[in-house]
Structures are given as structure tokens and as C-alpha cells.
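*Asks:* In case you want the letters, here they are:
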Amino acid sequence: GDSVTQMEGPVTLSEEAFLTINCTYTATGYPSLFWYVQYPGEGLQLLLKATKADDKGSNKGFEATYRKETTSFHLEKGSVQVSDSAVYFCALFYNQGGKLIFGQGTELSVKP
Amino acid sequence: DGGITQSPKYLFRKEGQNVTLSCEQNLNHDAMYWYRQDPGQGLRLIYYSQIVNDFQKGDIAEGYSVSREKKESFPLTVTSAQKNPTAFYLCAVEGSGANVLTFGAGSRLTVL
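As given, the protein sequences belong to chains A and B, one line each in that order.
First residue of the first sequence? That's 1 in the numbering used here, and the numbers climb one at a time after it.
First residue of the second sequence? That's 1 in the numbering used here, and the numbers climb one at a time after it.
In case anyone wonders, no lab produced these hints; they're calculated from the structure.
All C-beta atoms, glycine included, are put in the ideal place defined by N, C-alpha and C.
Among the clues, some could well be false.
Pair by pair, the computed Cβ-Cβ distance ranges are [stated by the list, open to error]:
{"#": "1", "chain 1": "A", "residue 1": "Y30", "chain 2": "B", "residue 2": "P39", "range": "12 to 22 Å"}
{"#": "2", "chain 1": "B", "residue 1": "K71", "chain 2": "A", "residue 2": "Q45", "range": "22 to 32 Å"}
{"#": "3", "chain 1": "B", "residue 1": "D59", "chain 2": "A", "residue 2": "Q45", "range": "37 to 47 Å"}
{"#": "4", "chain 1": "B", "residue 1": "D54", "chain 2": "A", "residue 2": "K111", "range": "47 to 57 Å"}
{"#": "5", "chain 1": "B", "residue 1": "G40", "chain 2": "A", "residue 2": "S83", "range": "19 to 29 Å"}
{"#": "6", "chain 1": "B", "residue 1": "A98", "chain 2": "A", "residue 2": "T26", "range": "19 to 29 Å"}
{"#": "7", "chain 1": "B", "residue 1": "G16", "chain 2": "A", "residue 2": "S83", "range": "23 to 33 Å"}
{"#": "8", "chain 1": "B", "residue 1": "D59", "chain 2": "A", "residue 2": "G29", "range": "15 to 25 Å"}
{"#": "9", "chain 1": "A", "residue 1": "K52", "chain 2": "B", "residue 2": "T77", "range": "38 to 48 Å"}
{"#": "10", "chain 1": "B", "residue 1": "N18", "chain 2": "A", "residue 2": "K60", "range": "13 to 23 Å"}
{"#": "11", "chain 1": "A", "residue 1": "D55", "chain 2": "B", "residue 2": "T77", "range": "37 to 47 Å"}
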């Protein structure tokens, strides 16, 4: 079945460092791909999305490109801030059943 | 958040008791979801409903029940049959964009 795999955390970076969180997926057809972010004690918020191959989603300095050839949707940010500390979830929309499938989440901690 | 209200935010339960978690939305969206979040496991789908008076089991429905009598409401009951109910429960609605979920702030259930 369809699935999402993220790099394990926690990831600890210094402020202004470059961030990459890897995400790969297994799916039939052409799913839509998403990154969600969860701040401590809160629900999830949509960060960005891409709906077809080679699309780049971007928001708040974060970017991810839908790579069909490598079945990947890695999240990147050029310069992280302390306020980016959160748990990041990669997800795909499962066409057969109409539901989102989430990766296990990657915790990011940014130190001043 | 964003028109989705989950209550209570924190709930303690003794073993053997049923509890009901509330999810109310004023976004006028049809599709609603319940996810369970455990540390290191990401989000797992419990139940979802695409329309009033209809719902489907997700990946981990055993020990849970739902109802969808009104468009605005999708309560989740955690029954005594659920063997490990301590978790963070998230309700979501779909409709802000194609396949995009908007999440509530969550309810944390602890079984004593």
C-alpha cells in the first residue's frame, strides 16, 4: 500500500543553519504531497503542498519539490530560526480511499 | 483552530470507562477525520466521514466508535475495548483546498 518514510529525528541545528528533512514515498499513480508542521501542544498546520511532478511548494522560507523519479519530497530551508522548532510531517493523499497518509514525523530543534 | 473546536483539551480516564471526545466545526465542510498521535509513530487514521450519516473505519478503528448526525459534529468515543487509549487525538476537516486538512488543537487522553 501507499506509504511515507521520513528521516528520523530529532534534528538539532543552530540558528541560521541550512535545513533538509528527507521524505520518500511509495504510491500508485500520482499522489498529492504535503508538509505539515506541529508546534508544541498544538494541532497540525499545512506548511506547503505540491500536486504534480516537478511542482515546488513553498511557504515561510520552506521549500519542497515533488520528484517523481526519486519518489521524494524533501523539505528545505536556507536559514532556520528558533521559532521553526517543531515537528514536521510529510504526507501524501491516498487516492483510493480519500485519505492522507502521514510519515512518522521529524522533530526539529533550533538552538540560538 | 480555524473554526474547529476540540474538547476537552485534557482528559483523564480510569481503566474500563468509555470517554467521548468532541469535535465541532463551523467551516461548513463535509469531510471530517479522527487521527491518533503517538510519539514516534506519526498520525494514524481512526475513522473518517465524507458526509452526514456515513462514516468509514480507518487503519486503527478497533476500540473506537463515532457518529455523524450533524454536519458540524463528529464525536469520537474511546471505549473500554481500546487496549492502549493514552494518546493525543486530533480531529480534522477537509475543504480548504483539494485534499488539504485543517486540524483542531487536539485532545490529550490519559488513562490512569
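*Asks:* Now tell me, hint by hint, if it's right for this structure.
*Replies:* Checked hints:
no.: 1; hint: A:Y30 with B:P39: 12 to 22 Å; in the structure: violated (32 Å)
no.: 2; hint: B:K71 with A:Q45: 22 to 32 Å; in the structure: holds (23 Å)
no.: 3; hint: B:D59 with A:Q45: 37 to 47 Å; in the structure: violated (23 Å)
no.: 4; hint: B:D54 with A:K111: 47 to 57 Å; in the structure: holds (48 Å)
no.: 5; hint: B:G40 with A:S83: 19 to 29 Å; in the structure: holds (24 Å)
no.: 6; hint: B:A98 with A:T26: 19 to 29 Å; in the structure: holds (21 Å)
no.: 7; hint: B:G16 with A:S83: 23 to 33 Å; in the structure: violated (43 Å)
no.: 8; hint: B:D59 with A:G29: 15 to 25 Å; in the structure: holds (20 Å)
no.: 9; hint: A:K52 with B:T77: 38 to 48 Å; in the structure: holds (39 Å)
no.: 10; hint: B:N18 with A:K60: 13 to 23 Å; in the structure: violated (41 Å)
no.: 11; hint: A:D55 with B:T77: 37 to 47 Å; in the structure: holds (40 Å)
Going through the hint list in order, the structure does not satisfy hints 1, 3, 7, 10.
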